[in-house]
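Heads up: the protein sequence lines correspond to chains D and X, in order. Going by numbering that gives the first Met the number 0, the first sequence opens with residue 0, and the numbers climb by one from there. Going by numbering that gives the first Met the number 0, the second sequence opens with residue 0, and the numbers climb by one from there.
Note that these hints are calculated values from the structure, not bench results. Even glycine gets a Cβ: it sits at the ideal position worked out from N, Cα and C. Errors might be hidden in some of the hints.
[Stated by the list, open to error] Under 10 angstroms between C-beta atoms, here's a sample of chain X residues computed to sit facing chain D:
{"id": "1", "residue": "Met0"}
{"id": "2", "residue": "Leu26"}
{"id": "3", "residue": "Leu34"}
{"id": "4", "residue": "Tyr37"}
[As the list claims (entries may be wrong)] Far from chain X by the CB rule (all over 12 angstroms, computed), these chain D residues:
{"id": "5", "residue": "Leu124"}
{"id": "6", "residue": "Phe185"}
{"id": "7", "residue": "Leu205"}
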Amino acid sequence: MPRFANPTQFMKLSAALVPWCAAAAALGIGAGLYMALFVAPPDYQQGEAVRIMYVHVPAAWLASLVYGVMALASAVGLIWRHPLAHVAAEAAAPLGAGFTLICLVSGSLWGEPMWGTWWVWDARLTSVLVLFFLYLGFIALANAFDDQSRGTRAAAILAVVGVINLPIIKFSVDWWNTLHQPASVFRMGGPTIAPILLWPLFVMALGFMFFFAALLMIRMRSALLEARLRALKFGNT
Amino acid sequence: MNWQKFFDMGGYARFVWPAYAVAALVLLGLLVWTLSSYRRVQRELSIREEKGPRRRKAAARP
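Excised from the complex, chain D in its bound form:
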């Protein structure tokens, strides 16, 4: 860890990694789109509407994954005062909010034709909405104070406390009655859906992950350069 603790090391490493992540993201999302729209067959019950799944499910996975990354980085920042940790958490937040928004909107567009409603206040949908507000709250808190370090700390504490929401999202479909279907991919005993439907999901999710990784690193680079710029303007000049 100390090796990566150094912002200078991070700038070097990320400069080398960003192009590869960007290429992998373009490839993954491109191939995922092709498989989702042209290779995967229509569902025998849902028809072509099932294609919404290839946007909805990878976005939902990323929504939780990015929150996990953000909360972990916040915890590392609070406990070990790692110089890059809070930078990473604050760079991740808008990306996670974006994935959560995609998940919510695509879910709504899938719910209307399949369930007959755009929205229900059940456990799964509500806990994902809470996730979205956790992201927004984190962003608002991080920028709420004149003293930047206070905002960073407050937001980091919110992120760590909010982790409790992740298992609630995951198990909400088992713990409560819900319109949302139970887990069909990551479950004990293996997936219940056919491989021809699984592949586009995984490829798209992989594309989203590389997209997140690339943008996360660019946003962290931005934040570090911004800090250097501030130091030049007000600090040790």
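Start from chain D and add chain X according to the hints.
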């Protein structure tokens, strides 16, 4: 391949395409925002660093 049929999405076009459009819009929006703010800070920093250090060196000399 029948494109008319493809775009019709078995009658679900008004649900399927907006879902894909929102995903594209959000991801492209994040991309454009991230890249433009990165370029801006890079540009500002290069302007500062051209002026900054030289002036400092000159001031440090007695």
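Consistency of the hints with the structure:
1. Met0: 8 angstroms, holds
2. Leu26: 7 angstroms, holds
3. Leu34: 7 angstroms, holds
4. Tyr37: Status holds, d = 5 angstroms.
5. Leu124: Since the minimum Cβ distance to chain X is about 16 angstroms, leucine 124(D) lies beyond 12 angstroms and the statement holds.
6. Phe185: Fine: 21 angstroms to the nearest Cβ keeps phenylalanine 185(D) off the interface.
7. Leu205: Label holds. Min Cβ-Cβ 14 angstroms, cutoff 12 angstroms.
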